[in-house]
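K.L.:
Put the complex together from the two separate chains, hints included.
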Amino acid sequence: MTIAHRFDYERPDTLSGVLDALARCGGRARVLAGGTDLIGWIREDLIAPDVLIDLKALDELKVLHCADGVLQIGAGVTFNQLLESDAVRSDFPLVFEMAGRVASNGVRNRATMAGNICSAVPCNDSGPVLLVYEATLHVAGPTGTRDLSALEWFLGPRKTALQPDEVLTGITLKKPEGRHGGCWLKLGRYKGEDLAQASTAILMLENGETRIAFGSVAPVPLRAPAMEALLKGRTPDAALIAQAQAMLSDLITPITDVRASLEYRLHMVGVMLERGLPAAAERMNGNGPDYGTTLI
Amino acid sequence: MKKHTITFRLNGEPCTLDVEANELLLDVLRDKVGVKSPKAGCERGDCGSCTILLEGKSVRSCLILAVEVDGQEITTVEGLSRNGLTPLQQAFLNHNSFQCGFCAPGMVLTVTELLEKNPHPSKEEIQEAIAGNLCRCTGYQPIIDAVLELTKK
Numbered sequence: 001m002t003i004a005h006r007f008d009y010e011r012p013d014t015l016s017g018v019l020d021a022l023a024r025c026g027g028r029a030r031v032l033a034g035g036t037d038l039i040g041w042i043r044e045d046l047i048a049p050d051v052l053i054d055l056k057a058l059d060e061l062k063v064l065h066c067a068d069g070v071l072q073i074g075a076g077v078t079f080n081q082l083l084e085s086d087a088v089r090s091d092f093p094l095v096f097e098m099a100g101r102v103a104s105n106g107v108r109n110r111a112t113m114a115g116n117i118c119s120a121v122p123c124n125d126s127g128p129v130l131l132v133y134e135a136t137l138h139v140a141g142p143t144g145t146r147d148l149s150a151l152e153w154f155l156g157p158r159k160t161a162l163q164p165d166e167v168l169t170g171i172t173l174k175k176p177e178g179r180h181g182g183c184w185l186k187l188g189r190y191k192g193e194d195l196a197q198a199s200t201a202i203l204m205l206e207n208g209e210t211r212i213a214f215g216s217v218a219p220v221p222l223r224a225p226a227m228e229a230l231l232k233g234r235t236p237d238a239a240l241i242a243q244a245q246a247m248l249s250d251l252i253t254p255i256t257d258v259r260a261s262l263e264y265r266l267h268m269v270g271v272m273l274e275r276g277l278p279a280a281a282e283r284m285n286g287n288g289p290d291y292g293t294t295l296i
Numbered sequence: 001m002k003k004h005t006i007t008f009r010l011n012g013e014p015c016t017l018d019v020e021a022n023e024l025l026l027d028v029l030r031d032k033v034g035v036k037s038p039k040a041g042c043e044r045g046d047c048g049s050c051t052i053l054l055e056g057k058s059v060r061s062c063l064i065l066a067v068e069v070d071g072q073e074i075t076t077v078e079g080l081s082r083n084g085l086t087p088l089q090q091a092f093l094n095h096n097s098f099q100c101g102f103c104a105p106g107m108v109l110t111v112t113e114l115l116e117k118n119p120h121p122s123k124e125e126i127q128e129a130i131a132g133n134l135c136r137c138t139g140y141q142p143i144i145d146a147v148l149e150l151t152k153k
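Protein chains in written order, with this note's numbering: chain E, 1 to 296; chain X, 1 to 153.
Just so you know, these hints were derived from the structure itself, not from any lab. There may be inaccurate statements among the hints.
[Stated by the list, open to error] Here are the simulated DMTMM-like pairs of lysine to aspartate or glutamate, each with C-alpha atoms no more than 25 Å apart in a straight line:
| # | chain 1 | residue 1 | chain 2 | residue 2 |
| --- | --- | --- | --- | --- |
| 1 | X | K2 | E | D54 |
| 2 | X | K117 | E | D50 |
| 3 | E | K56 | X | D145 |
| 4 | X | K2 | E | E193 |
| 5 | E | K159 | E | D86 |
| 6 | X | K3 | X | D18 |
[To be verified] The following residues of chain E were derived to be distant from chain X, with all beta-carbon distances above 10 Å:
| # | residue |
| --- | --- |
| 7 | A4 |
| 8 | H5 |
| 9 | D13 |
| 10 | D20 |
| 11 | I42 |
| 12 | A103 |
| 13 | K174 |
| 14 | G192 |
| 15 | T235 |
| 16 | Y264 |
Idealized CB from N, CA, C, for every residue including glycine.
Extracted from the complex, chain X is given alone in its bound form (with noise of 0.2 Å):
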């Protein structure tokens, strides 16, 4: 099979490499380039932990072939958080949000794109926005606490 070359951004950077059609976004950040932010979990589109920003909106990175974001620019958490932790992950700190861990960097994307488009989120708001982000530790309220604090002021 055919070997594409693609050049993308990933978190400012320009990053080229060959891939082959079949290979997944996800894997190919993971293992070709080492970005080990988004994570596998349920690999169909229900969990979240894939999440990726594509273009600023947040995208799961498993039901996307790499060879599909020639072009486009990419954010995950190792870019947002380059200068030191963003607010947003502050809160997160703060509230003990997570415990481990594994679904944070899609919740932290996801939370920041909603917070683009609606710097004041309700509770609702929150929750549909983190619909699709599962985690099994902590209940979802603190992670939607965290967020409230952050944004009522």
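With the rest of the complex left out, here is chain E (with noise of 0.2 Å):
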């Protein structure tokens, strides 16, 4: 099946011709990276944009670098690149567990975090990842570049703080001091599927500070501050994570659709926390599953 509607494509090869493009389109164009969501979209008609600005000839885009603990991600590295990355690995190990969940090895070839948060679909799997280890997100427009928290990135289902005219460069991720250990549980049907029917992300550092954030319930990924608060400085045990769960109804707002029902995804959201909180202790103290095994 091909696509109908009709549209440009342009392939600057420096930043500033990305910026003049988009500066020329007002509105119209969109920005392709590794394209597994934005050609789909184009075409289920679900957007019609007269112009494609592709990145990919853009190499100061495709830097992925790891120096003192900060970690570059360019707008064009894809998921494979960060699963197969050893610092990815060691220092920042929910985006290694995390890349080596989104749908199958042909797409993570193609596809990029920085586009999967552009895309901000509610179900992506970044976003909870990204929000617990507050990334900062670098954006270039036509005045100059600003730099976002992940916690100001998500506004709505597929709506970012991005403006039309501008494009989101890359992304940064500070390594928590001391230790630290977490895990990332992604809910589908099966291995290979991209849409989660909920995910998790949780975060624990030497400081006793439990972070924890959510996605595919809400209409947009979120931090969980009020279970944040309950958690912090204490061990997961069985009454506390009762605990926990019990204020996930009010945390969280999962809709039923054909992936699956509300009910359904608050049930495992609880069973997420009650799997997830002791493997993230035990990670942090140096045991647990390794990273990259399912737990769910």
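P.N.:
Listed below in structure tokens is the structure:
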């Protein structure tokens, strides 16, 4: 099946070329990275841009670099590049664990983390993980560059803080201080499927902080400050986990759709806490299941 | 809309043609170039039947515009087996790994990529690699068996 909608295609080889093209097209353009969401959306008539501006000629966006505990992920970096990076695996294990569960190998060879959060569907996998690492997002626009926290990024389903004349150029994560451990739990129908029915990212830090974020159970990926306050400085035993589970119905707003019912999603996020909190604590202490082991 | 002249290498041979921006790589390969091994299945990246190798990496040709691959190298099953079946294809044949064959080109290319990176994969690693290649005939077991037998030697 071909794409009925017709559009132009540009592949600038400089960032200023990308910004010029965006300025010229005034909101009628879309930026193309891996295309694994965008091309499908165009074919399904969800969007109808006049121009696609391909980022893949920009070598500066293909940088994946880690130094002094700071990980820089260029907008052109694919999930398989993240998965294969030793620095990601050792210092940002939730990124490793998440990247390995994004769709399938053939999609991960093409799909980028930056594209994933620009698509900003409620079930995106990168969002909860970037929220618990409190990542910084780098945006370039006609008047210069600006940095945003991941916490400010998601505004609604497929809506982000990015303006039509701006482009997301990269993502920076800082390695947490001291020991840390966590997990990424994603519920899907089968491995190799892209869309999560529910997901949870948990990051525990040596200072007693536990950061939690959920995906697919609200219009945007979201942190759970009230639950984090409950868990702060405490060992997640059965009684504490039950208290955390009891808070869920006030914190998340899952919906019923073709992939899962509201009740099932709510229940399974509870199961994720039950399995994920102890696993995160064990991993912080240097044991527990290897990263990449499926916990749900 | 503007036509784009693109040149890429297909199975080692240069290939130049004019495309519009909205033409999918899968359609161009099948209908304009005549390479029929990539199949149109789900056409949304879930099933893996349109898999090709782009710069040696398995990708979904149903989610790529033809204009994006200008200057790049594409391999399909036609290229892999130009000099006869590869050992992997022979192993699939020996194990009756496929019935209808619709998933076969995608499976062959996906496992070819896996074996380049990991010549002796475990059963779990094979399952992970082909998780995005759906087969509705055989239940996957003879596919996995063939790869395990080929790579244990």
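K.L.:
Which earlier hints turn out false for this structure, listed by number in ascending order?
P.N.:
2, 3, 4, 5, 7, 8, 11, 12, 14
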